[in-house]
Amino acid sequence: MSSNFRNVLLYSLGVVLFSACSEKEDFSSFNTNTVEPINIGLTYRAASLRNQEITFQVFDEESNEIVDNITFYVDGSPIVGNTYSADQEGVFSVYAEYEEQGTLSTTDTGSFSVVIPTKNVLVEDYTGTWCGYCPAVSAAVDAVQGLTDHISIVALHNGDDLSLAIEPDIREGLGVPSGSPRARIDRTIVWGLGTPPEFPTPDVLSLAGIDSPVAIGLTSSLNGRALSVNVSIASEEALSDHKLVVYLTEDGLLRDQTNYYDNDQSSPYFGLGNPMVDFEQKHVLRAALTDAIGDPIPALNALTDYNTQISYTIPEDFAIDQLQLVVMVVDQNNLAVNTQHAALEETVIYE
Numbered sequence: 304m305s306s307n308f309r310n311v312l313l314y315s316l317g318v319v320l321f322s323a324c325s326e327k328e329d330f331s332s333f334n335t336n337t338v339e340p341i342n343i344g345l346t347y348r349a350a351s352l353r354n355q356e357i358t359f360q361v362f363d364e365e366s367n368e369i370v371d372n373i374t375f376y377v378d379g380s381p382i383v384g385n386t387y388s389a390d391q392e393g394v395f396s397v398y399a400e401y402e403e404q405g406t407l408s409t410t411d412t413g414s415f416s417v418v419i420p421t422k423n424v425l426v427e428d429y430t431g432t433w434c435g436y437c438p439a440v441s442a443a444v445d446a447v448q449g450l451t452d453h454i455s456i457v458a459l460h461n462g463d464d465l466s467l468a469i470e471p472d473i474r475e476g477l478g479v480p481s482g483s484p485r486a487r488i489d490r491t492i493v494w495g496l497g498t499p500p501e502f503p504t505p506d507v508l509s510l511a512g513i514d515s516p517v518a519i520g521l522t523s524s525l526n527g528r529a530l531s532v533n534v535s536i537a538s539e540e541a542l543s544d545h546k547l548v549v550y551l552t553e554d555g556l557l558r559d560q561t562n563y564y565d566n567d568q569s570s571p572y573f574g575l576g577n578p579m580v581d582f583e584q585k586h587v588l589r590a591a592l593t594d595a596i597g598d599p600i601p602a603l604n605a606l607t608d609y610n611t612q613i614s615y616t617i618p619e620d621f622a623i624d625q626l627q628l629v630v631m632v633v634d635q636n637n638l639a640v641n642t643q644h645a646a647l648e649e650t651v652i653y654e
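Residue numbers (my numbering): 304 to 654.
Hints should not be assumed to be uniformly reliable.
[Unchecked claim] No farther apart than 25 Å at their CA atoms in a straight line, the calculated lysine to any residue pairs in the SDA-like style are these:
1. K585 <-> P599
2. K585 <-> D445
3. K585 <-> E649
4. K585 <-> G478
5. K585 <-> L450
6. K546 <-> R474
7. K585 <-> G555
8. K585 <-> A605
9. K546 <-> I469
10. K585 <-> G527
11. K546 <-> S531
12. K585 <-> D452
13. K546 <-> T421
14. K546 <-> A645
15. K585 <-> Y376
16. K585 <-> R474
17. K585 <-> T504
18. K546 <-> D514
19. K585 <-> D554
20. K585 <-> N461
21. K546 <-> G478
22. K546 <-> P599
23. K546 <-> S614
These aren't lab readings, by the way, just hints derived from the structure by calculation.
Sequences are here, hints too, so could you generate the full structure?
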């Protein structure tokens, strides 16, 4: 007979959550916790890397694991034990049969993915409402977003009411000169040359959607203004001397924006005034939930998950529906090897 167990928890972020976080200026009311998951039914990681071991488990309604007289089936074929790996990309089905009190029960059928990680390119825009050439970066970012979803964006303000005290520390840590506009791809690659500067979209697109060794999973939950963020990392190669950066950004912030393109007929901002009144400031860095340059990731073996949880209290003046998380894994030279982004309470599995 069919059980009432349903596949209600897919392990996109692994089973055990480890703590990793450090406090620094402009961090407010956040900490890390280890959470014991409550499991019912068939559970497993929703996405894995090639050759990464996937563990299947079945739990009863009291969260007790069923281990006796149980067989797991992947794509309709029984497997030995409760682990599986695949050396090719694909989407696979899974279910389990088990005997309970002399009755054969079958779980619902679920699916999981095996992937080659895809790179989300990072663009960081060093900007300010006072900066008349800065709208050129906004226009270039909008153009790239129209061509690819594989882009994570952070706008770091300076010299206006949206700037954070840690912005100079980020510039110093990454070697970004003072002044705006400045833009960087994957934290360290200069984007934008000339006077006035131009920001060619191919510079970004050439890195968007390519293969990456590192996958990032991301999910979050809200309880009022208490935010809990879970991050998972896995790599096809062993990682050492890498760091994790987690930022919180906000859209929809209206500010008057100085506009040197008001008379430039080739600009999307032609004729919009100088300043542009109530111009939407998007992707604005509002908080760093790790060290702004990154928290160290413990040395990680290939095909092994690293999981961490961060808790943060969202200030009252942040619009929750306009917030987004941006997560990046950077190497010892601060180059972003991959990034991920998601709205609050959105789950993104390895992809």
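A quick look at each hint next to the structure:
1. A threshold of 25 Å between alpha carbons decides the hint, and for K585 with P599 the separation of about 29 Å lies outside it, so the pair is violated.
2. With a C-alpha separation of about 10 Å, the suggested pair K585 and D445 falls inside the 25 Å cut-off, and the hint holds.
3. Proximity of K585 to E649 is assessed by CA-CA distance (about 19 Å); at most 25 Å being required, the pair is judged to hold.
4. Between the alpha carbons of K585 and G478 the distance comes to roughly 24 Å, so the proposed pair stays at or under 25 Å and holds.
5. Among the hinted pairs, K585 with L450 is consistent with the structure: their alpha-carbon atoms are about 18 Å apart, no more than 25 Å.
6. Distance hint between K546 and R474 is fulfilled; the C-alpha atoms sit about 17 Å from each other, no more than 25 Å.
7. For the given pair, K585 sits about 6 Å from G555 by alpha-carbon distance, which is consistent with the 25 Å threshold.
8. Distance hint between K585 and A605 is unfulfilled; the C-alpha atoms sit about 36 Å from each other, more than 25 Å.
9. Only pairs whose Cα atoms come within 25 Å are accepted, and K546 paired with I469 is accepted, the gap being roughly 18 Å.
10. Taking the CA atoms of K585 and G527, the gap is about 24 Å. The hint holds against a cut of 25 Å.
11. Restraint check: the Cα-Cα separation between K546 and S531 comes to about 20 Å, which is no more than 25 Å; the hinted pair holds.
12. The suggested pairing of K585 with D452 holds, with an alpha-carbon distance near 16 Å, which does not exceed 25 Å.
13. Only pairs whose Cα atoms come within 25 Å are accepted, and K546 paired with T421 is accepted, the gap being roughly 19 Å.
14. Only pairs whose Cα atoms come within 25 Å are accepted, and K546 paired with A645 is accepted, the gap being roughly 19 Å.
15. Between K585 and Y376, the direct Cα distance comes to roughly 47 Å. Violation of the 25 Å bound is thereby established for this hinted pair.
16. For the hint linking K585 to R474, the alpha-carbon distance of about 20 Å falls within 25 Å, and the restraint holds.
17. Taking the CA atoms of K585 and T504, the gap is near 18 Å; set against the 25 Å cutoff, the hint holds.
18. Distance check on the hinted pair: K546 and D514 sit about 20 Å apart at the alpha-carbon level, within 25 Å; holds.
19. Restraint check: the Cα-Cα separation between K585 and D554 comes to about 4 Å, which is no more than 25 Å; the hinted pair holds.
20. Note on K585 and N461: the hinted pairing holds, with a Cα-Cα distance of about 14 Å set against a maximum of 25 Å.
21. A C-alpha spacing of about 17 Å is found between K546 and G478, which places the hinted pair at or below 25 Å, so the restraint holds.
22. A distance of roughly 4 Å separates the Cα atoms of K546 and P599; the hinted pair therefore holds under the 25 Å criterion.
23. A threshold of 25 Å between alpha carbons decides the hint, and for K546 with S614 the separation of about 18 Å falls inside it, so the pair holds.
Against the hints set out earlier in the document, violations occur for numbers 1, 8, 15.
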